[in-house]
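Engineer: Generate the whole structure from the sequences, applying the supplied hints.
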Amino acid sequence: PVLCYKEHKCRSYPCDAVFSPCGKYVATGSENKSLYIYDLRQMSHCHKLLEPQVDVFTSVAFSPKSQLVASSLNGSIYLYGNGK
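For the sequence shown, this note's numbering gives the first residue as -1, with consecutive numbering after it.
Just so you know, these hints were derived from the structure itself, not from any lab. The reader is advised that the hints may include incorrect statements.
[Said to hold, decoys possible] Now the in silico label distances, taken between C-beta atoms and shown as ranges:
hint : residue 1 : residue 2 : range
1    : Asp37     : Ser61     : 24 to 34 Å
2    : Asn30     : Leu77     : 18 to 28 Å
3    : Gly79     : Ala15     : 17 to 27 Å
The C-beta atom is built at its ideal place from N, Cα and C for all residues, glycine as well.
Structural biologist: Given below as structure tokens:
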């Protein structure tokens, strides 16, 4: 691998990882009630989004305008804007 990120936890459940439309970031779910957005230009996480009421984030996807949507095992769907 060119890069390897290990801050997210996916041991008991599969968690998606997806590229952003700009190709600069990868977002992934995690078993620790967080979403991670990794910056592919450096070896660190860019953002950690914590949702205390979430069980496990299992699916993530970006819209063409870089908005992030995530779903969890408890059936909830979360939408995150890109700050614009």
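Engineer: Now look at each hint and say whether the structure bears it out.
Structural biologist: Verification of the supplied hints:
1. Asp37 - Ser61: 24 to 34 Å: 19 Å, violated
2. Asn30 - Leu77: 18 to 28 Å: 21 Å, holds
3. Gly79 - Ala15: 17 to 27 Å: Cβ of glycine 79 to Cβ of alanine 15: about 21 Å, so the range 17 to 27 Å holds.
The structure shown violates just one earlier hint, number 1.
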